[in-house]
Amino acid sequence: AQKVTQAQTEISVVEKEDVTLDCVYETRDTTYYLFWYKQPPSGELVFLIRRNSFDEQNEISGRYSWNFQKSTSSFNFTITASQVVDSAVYFCALSEREYNDMRFGAGTRLTVKP
Amino acid sequence: EPEVTQTPSHQVTQMGQEVILRCVPISNHLYFYWYRQILGQKVEFLVSFYNNEISEKSEIFDDQFSVERPDGSNFTLKIRSTKLEDSAMYFCASTLSYNEQFFGPGTRLTVL
Numbered sequence: 011a012q013k014v015t016q017a018q019t020e021i022s023v024v025e026k027e028d029v030t031l032d033c034v035y036e037t038r039d040t041t042y043y044l045f046w047y048k049q050p051p052s053g054e055l056v057f058l059i060r061r062n063s064f065d066e067q068n069e070i071s072g073r074y075s076w077n078f079q080k081s082t083s084s085f086n087f088t089i090t091a092s093q094v095v096d097s098a099v100y101f102c103a104l105s106e107r108e109y110n111d112m113r114f115g116a117g118t119r120l121t122v123k124p
Numbered sequence: 004e005p006e007v008t009q010t011p012s013h014q015v016t017q018m019g020q021e022v023i024l025r026c027v028p029i030s031n032h033l034y035f036y037w038y039r040q041i042l043g044q045k046v047e048f049l050v051s052f053y054n055n056e057i058s059e060k061s062e063i064f065d066d067q068f069s070v071e072r073p074d075g076s077n078f079t080l081k082i083r084s085t086k087l088e089d090s091a092m093y094f095c096a097s098t099l100s101y102n103e104q105f106f107g108p109g110t111r112l113t114v115l
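Line order of the protein sequences matches chains P and B. One rule links them: number in my numbering = place in the first sequence (from 1) + 10. One rule links them: number in my numbering = place in the second sequence (from 1) + 3.
This is chain B alone, in the form it adopts within the complex (with noise of 0.2 Å):
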């Protein structure tokens, strides 16, 4: 069965560096997001992507935050100076319609 993947699923970095999260969503799929999990809080929305542009973005997706379909495989969400706050588990999710959105298993980020 297709899944969404996504890799690393741990990234650790410094403070202030840029980290790319990639995402893999299933081949056939046309919407793409990313979602983020602080610890113990609840899944919030960053951004959704179709037809090559940015569909919607939530106040969490500031000028720091910026998403690519390089290849048209590849999902990636970059942060280019991360903060501690950035930490979280990050959520790639794809669909074709509207029946449920496919979540891969995530990347954890650890800022230091």
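With the rest of the complex left out, here is chain P (with noise of 0.2 Å):
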């Protein structure tokens, strides 16, 4: 069975820090696909990224990075010099077939303080 954990309930950084959320994940199938959903407090799903498991290169997009690693089974998030608008909740999800349902985490609520 699939399963995913993020152990950061709450995290809170003033703006301009670093910010690291953690994702470990636990699958049998040797295909997955992994991807992070932010939740404003508007309350809809905003796609971020999506990772193949035989593609672990690491990837930056603008503040973004992102750091995959089979050997660990985490994939996680960093937003670089954080600015309040990055305030949500973020999600890490799951999948272990191509249009496979998505199984989430319990997600990481980010407060960014000015």
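Heads up, a few of these hints could be off.
[What the hints assert, rightly or not] To be clear about the criterion: a stretch of chain B counts as covered by chain P if any three or more of its residues have a C-beta under 8 Å from a C-beta of chain P, and this derived list gives those stretches: (1) 39-48; (2) 51-63; (3) 103-109.
[What the hints assert, rightly or not] Here are some, though not all, of the chain P residues that point toward chain B, as calculated from beta-carbon distances under 7 Å: (4) 53; (5) 54; (6) 57; (7) 58; (8) 60; (9) 111; (10) 114; (11) 116; (12) 117.
Bear in mind the hints are in silico, worked out from the structure with no lab data behind them. Heads up, the beta-carbon is just placed ideally off N, CA and C, and yes, glycines get one too.
Reconstruct the complex from the two isolated chains, following the hints.
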């Protein structure tokens, strides 16, 4: 069975600090897909990134970067120079097959203070 | 840019009543999903739908729930006899490929 653990329930930082959100997953499949979604206070789910299990390259997109390590079953998300607008709940999710359902972690609530 | 839409944005109902939540997926998408999020909790998978039938469902999706794609554009979730614990945000999602599931804005269901 697939499982996603986000051990950090809440994180609070001051603007311009860097912050890393942890995600650890469990799966028996050798092919799987990992995702990060952002849920701002307005409630919608905003897609941030998708990673295939066979692509361990880290990715950077502006202030966002992702570190995928199969050896530790982790897919961590770093925000550099955080801003107040980054305040949201961030969910990591795992899908074991193409088109399959996603299983979400419990989410990490990030608060960025001015 | 095409998007998934959901109606209504907020539904209030009495316990025991039937509700139908509606979704219009992105038009060329083939795979459809319902998720729910109880307030303050994680997003939970309910059901996936492909080729006019359920492809997978979770343990939450019991006999009280059903899904339908009645007219080739709408994708509905019906709850036959609502319970207090059905109060949640319900998200519809659709996808064409494995790149991402596109989520709708959600319907907040309140059962009194």
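How the hints compare with the structure:
1. 39-48: holds (count 5)
2. 51-63: holds (count 5)
3. 103-109: holds (count 6)
4. 53: Given a least distance of 6 Å, the restraint on residue 53/P holds.
5. 54: holds, 5 Å
6. 57: holds, 5 Å
7. 58: Violated: closest Cβ of chain B sits about 9 Å from residue 58/P, beyond 7 Å.
8. 60: This interface hint holds because 5 Å falls under the 7 Å limit.
9. 111: holds, 4 Å
10. 114: holds, 4 Å
11. 116: holds, 5 Å
12. 117: holds, 6 Å
In terms of the numbered hints stated before, the structure departs from hint 7 and from no other.
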